[in-house]
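*Asks:* Letter by letter, the chains look like this.
There are 2 protein chains.
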Amino acid sequence: MPAAGQYSGETDMNDFIIKGDIIYSESLTELKLCPDSYLVCTDGICRGVFERIPEEYAGLETVDDSGSLVVPGLSDLHLHAPQYSFRGMGMDLELLDWLNTYAFPEESSFKDREYAGKAYSIFAGDLEKSPTTRACIFATIHPEATMMLMEMLEKTGLRGFVGKVNMDRNSPDYYVEKSAEDSLSATVRWLRDSREQFRNFQPVITPRFTISCSDDLMNMLGLAAREFNVRVQSHLSENRSETALVKELCPWAGHYIDTYKRPGLIGGSMPSVMAHCVYSDEYELQVMRDNGVFLAHCPQCNMNLASGLAPVRRWLDMGLNVGLGTDVAGGATLSIFRTMMEAMQTSRMVWRYIDSSLKPLTMEEVFFLGTKGGGAFFGKTGSFESGYSADLLVLDESGMRHPQPLSLRQRLERFISLSSSTDIKHKYVQGRQLF
Amino acid sequence: MPAAGQYSGETDMNDFIIKGDIIYSESLTELKLCPDSYLVCTDGICRGVFERIPEEYAGLETVDDSGSLVVPGLSDLHLHAPQYSFRGMGMDLELLDWLNTYAFPEESSFKDREYAGKAYSIFAGDLEKSPTTRACIFATIHPEATMMLMEMLEKTGLRGFVGKVNMDRNSPDYYVEKSAEDSLSATVRWLRDSREQFRNFQPVITPRFTISCSDDLMNMLGLAAREFNVRVQSHLSENRSETALVKELCPWAGHYIDTYKRPGLIGGSMPSVMAHCVYSDEYELQVMRDNGVFLAHCPQCNMNLASGLAPVRRWLDMGLNVGLGTDVAGGATLSIFRTMMEAMQTSRMVWRYIDSSLKPLTMEEVFFLGTKGGGAFFGKTGSFESGYSADLLVLDESGMRHPQPLSLRQRLERFISLSSSTDIKHKYVQGRQLF
Chain Z
137 MPAAGQYSGE TDMNDFIIKG DIIYSESLTE LKLCPDSYLV CTDGICRGVF
187 ERIPEEYAGL ETVDDSGSLV VPGLSDLHLH APQYSFRGMG MDLELLDWLN
237 TYAFPEESSF KDREYAGKAY SIFAGDLEKS PTTRACIFAT IHPEATMMLM
287 EMLEKTGLRG FVGKVNMDRN SPDYYVEKSA EDSLSATVRW LRDSREQFRN
337 FQPVITPRFT ISCSDDLMNM LGLAAREFNV RVQSHLSENR SETALVKELC
387 PWAGHYIDTY KRPGLIGGSM PSVMAHCVYS DEYELQVMRD NGVFLAHCPQ
437 CNMNLASGLA PVRRWLDMGL NVGLGTDVAG GATLSIFRTM MEAMQTSRMV
487 WRYIDSSLKP LTMEEVFFLG TKGGGAFFGK TGSFESGYSA DLLVLDESGM
537 RHPQPLSLRQ RLERFISLSS STDIKHKYVQ GRQLF
Chain R
137 MPAAGQYSGE TDMNDFIIKG DIIYSESLTE LKLCPDSYLV CTDGICRGVF
187 ERIPEEYAGL ETVDDSGSLV VPGLSDLHLH APQYSFRGMG MDLELLDWLN
237 TYAFPEESSF KDREYAGKAY SIFAGDLEKS PTTRACIFAT IHPEATMMLM
287 EMLEKTGLRG FVGKVNMDRN SPDYYVEKSA EDSLSATVRW LRDSREQFRN
337 FQPVITPRFT ISCSDDLMNM LGLAAREFNV RVQSHLSENR SETALVKELC
387 PWAGHYIDTY KRPGLIGGSM PSVMAHCVYS DEYELQVMRD NGVFLAHCPQ
437 CNMNLASGLA PVRRWLDMGL NVGLGTDVAG GATLSIFRTM MEAMQTSRMV
487 WRYIDSSLKP LTMEEVFFLG TKGGGAFFGK TGSFESGYSA DLLVLDESGM
537 RHPQPLSLRQ RLERFISLSS STDIKHKYVQ GRQLF
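Top to bottom, those sequences are chains Z and R. Just so we're aligned, residue 137 is where the first sequence starts under this note's numbering, counting upward by one. Just so we're aligned, residue 137 is where the second sequence starts under this note's numbering, counting upward by one.
Just so you know, these hints were derived from the structure itself, not from any lab. One should not assume that every hint holds.
In silico DSS-like cross-links for lysine-lysine, where the CA-CA straight-line distance does not exceed 30 Å [stated by the list, open to error]: (1) Lys561/R to Lys561/Z; (2) Lys265/Z to Lys265/R; (3) Lys254/R to Lys291/R; (4) Lys314/R to Lys254/R.
Predicted, not measured: the structure shown is a model, and the values here were computed from it.
So here's chain Z without its partners, still in its complex pose:
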C-alpha cells in the first residue's frame, strides 16, 4: 500500500473522489465545513478534502454527490444485537428487573439456531442501512449464534467487534453458563474460530457485567484478553441498584471499576470500552483515564431505564476517551445521529439539575463524539483528515424541506435532530461502497 501523498496512479474499487458538501471534525470543538469540495480516497484511506482536485489525483474517478452532505461514518460503541427484536418495548422497569423480565428471556432464545438466524438477519440488515459504519456489539452467551451474527455482519461490509457474552452467576437457570471454566473454554474456542474466520468483525471479550461474572471468571477472562491480545467491553456504574449490588458481591473492591481493573480487563495493550458510567466518581474516571478506557455514553437508554443523567462534560474536561452508544435495546433506535441529539438534551438536564458548572454539550461536540471520538476505538476512523479510513455517509435530506437558505452547519444540525435511521443515501466503509 503506498503511503499517504504518494498515490500510485492505479485506480481500484477503493480509489475515488467524492464531490459534495463535506463536513468532519478535527477536534472536539473544531468542525470543518467544506462546501462543494472533493474528498480524495485511495486504498480505502482518506487523503484529504480539497477545493479543487489536486493534480496528483486527477486520474481518479469522481463520484458527483454535489448538493448532498457528506460526513464520516458513525461509531456505535455499545449495543446488544439480540435485543434488537424487542427494541422500543418494555421501558417500564429499572435495569436489573428489566434484564430479568425482558432481556434475559429474549437472549436465551438465541440458543435456537433458526430463531437466531431470523432475528440477526433483521438486525444486520437494518444496521447496514443505518448511519453506523463501526460498532462494538454484545451478542449472547451462545457461541454458535454469535458466529452466525459475525458471519452476517461480515457480509455487510461494516466493521467492528462482536462479543460472546460471559455470565456464570446471578443469572436465571435458563440463561447462564455452567461454570467459570465452561464459560472460559467456550469463549476461547469462539475467540480462535472467529479470529480465523472473519476480517471485518473481530471478537471482543465481553463479561456482561460484574454482577453476572464470578471473580474466577473475571480473572480467567483477563488472562484470555492478554493472551489473545483482544479488546474488552462491559458495563460500568449504570444504575444505583446495580452499583449497590456490586459493592455487596465484591466487598474487596473499593470501586466498581476495580472489579475490571484487578483481573486485567482494563489497562492491557488494547483499549477497553465501558458503557454508561453514569455514577462513576472521580476515582473511577481517573482509573479509566489512566488506562485508556473508552466511555460509551448511552443517553437514551439511561433515560428509558430511569438510570440517570451522565455528566459527559466532566469526562471531556478530564480528557477521557468518549464515544456514543445507542445501547439497543435499552435504547430503541440504531441511529447515532439521534444519540447525538439525546446527548445534547441529557447534558442540558445535567446542567439544570445536577451541576450548573457543567456546560451543556454543543452540536460540534456531540458530532465529534459520534464520529472521531468514538471512532478512535476502531483506529483512525471518524474523520476525513489524511490517513483516516474512508468511512463515509452521503446523507438524504429530501424529507426535511425548508423555505429558507441554510448553511452547511445548519444542515448538519437539523439532520442530527430530524433524520431517521434510514435517511442515508450512500455508505462507504474503508473505501468500499455498501450502497
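We have chain Z already, so just place chain R on it with the hints.
*Replies:* For chain R alone, kept in the frame of chain Z given last:
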C-alpha cells in the same frame, strides 16, 4: 344527524366500517385492545368497536385494514407553525435568548407574503402527513399570513385552532405591534374574518406570554375572548429566567398564572391551554384545575432549551386536564408519538432527580395523554367510544421488522418508540379520509 345507535341506513363518505387491530384509551390507565375488530363510523362519529359487525350496520362499506393497527388521531396542544422552518436548529440557548436569536427573526419574516406562503405550505403539508389530527397552533403577529396559514390548514381536512400572536412589549423593533390598541384591533378584525371564512380551523386568542404583552393588552384580550366566545392559548412557567422576569414585570401578581387569571384569559366559558408549566407550584396548579385549563406538556422542548423536567404525575394526581405538545420548533418533530416517548423519559428523570414519590408514566398513560387527554380540548375526540369524532390513523409498521410474535400492546408500544412522523398509512378526520 341521527343520534348514536339510531343509524339511518344511508351511507355517505363519512359512513364506513374499518376492520383492523384497533386500540384506544378509555381512561388514563385503561387501554382497549381489540384484535381483528370493526370500528363503525357514521356521520363522522364513532359508533363503537365490535368483534362482529352489528346487524344495524350491515349495509355499510367495510374498509379492510386487517393486520394494521388502527388508533385514534393524535392531538398536538402546542406548536408554532412559523418556527417549523428552523426545527432542529439553534438548540444552544435558553428560552429568552433563543427567542431573540432564532424565533423572533424567523417569525418576523412572515410579514412577507411570499415567504409565508412558501414556509406555511411546507408546514401544512407535513402536518397533514403526520399522526396529528387536531392541533392548537401559534402563528405570528401578522394577520395576513395567519389567514394564509388557516386557509392552507383548512384545505388539509385537519381540525383545530390557530392564533394570531399578540406582542406589544419586550420585543425587538422589527417584530412588535405598535400599541395594545393596534394589537387588539388587528386581532378583532382577524377574529371576525377567520371565524367567517373557516370551518375546520377556528381562531384562538394568543397572547405570546406575559413578558411580551402589557397589562393593558392582556385586559383587552380577556374582554375579546369573552365577547367572541373563543379559546385562549399561551405559555406558562416554562423557564426560570422567564418566571423571574414575569415577577419583575407584574409585581401585583402573586403568581405567574394571575397574569392570565385577572384579565379573564382563563376561566371563561371556553377552555384555555397553557404550554409547559414546568415550574407551576401548587397554587398555580390549583388555579388551573379550578378553571378547567388544559396543560400542554412539551417534554422535548423542555429538554432542548434546558428549561427543565415537568412533574406530569403531580398534575395527573391532582386531576388536571393534560395533553401533549410537540412545541415545534422548541421541539424538532411533528410526531406526538415521539412526544409520548419523551414524556415517559422525562417522567423517569423527574422520579430519579426531583421527587421519587412521582411514579414514572406508563405507556398506557402517555398514549391517553396524546389521544383522549389532549383530545378533550377539541370536544369528543381522541377515543373510539361511541359518540367520539371519527378521527383515526391506520399505522404503517412495515419499517419495524421483528422475528417474534407480538401482542397488540407490544406493537403499539414499539410504534410509539420507533415510528417517524411519516409512518401513517391512512388518516381520517371526522370520518373524512385525508389519505
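*Asks:* Now, for every hint given, state plainly whether the structure supports it.
*Replies:* Hints, verified against the model:
Distance hint between Lys561/R and Lys561/Z is fulfilled; the C-alpha atoms sit about 23 Å from each other, no more than 30 Å. For the hint linking Lys265/Z to Lys265/R, the alpha-carbon distance of about 24 Å falls within 30 Å, and the restraint holds. Distance hint between Lys254/R and Lys291/R is fulfilled; the C-alpha atoms sit about 16 Å from each other, no more than 30 Å. For the suggested pair Lys314/R and Lys254/R, the alpha carbons sit about 27 Å apart, so the restraint of at most 30 Å is met.
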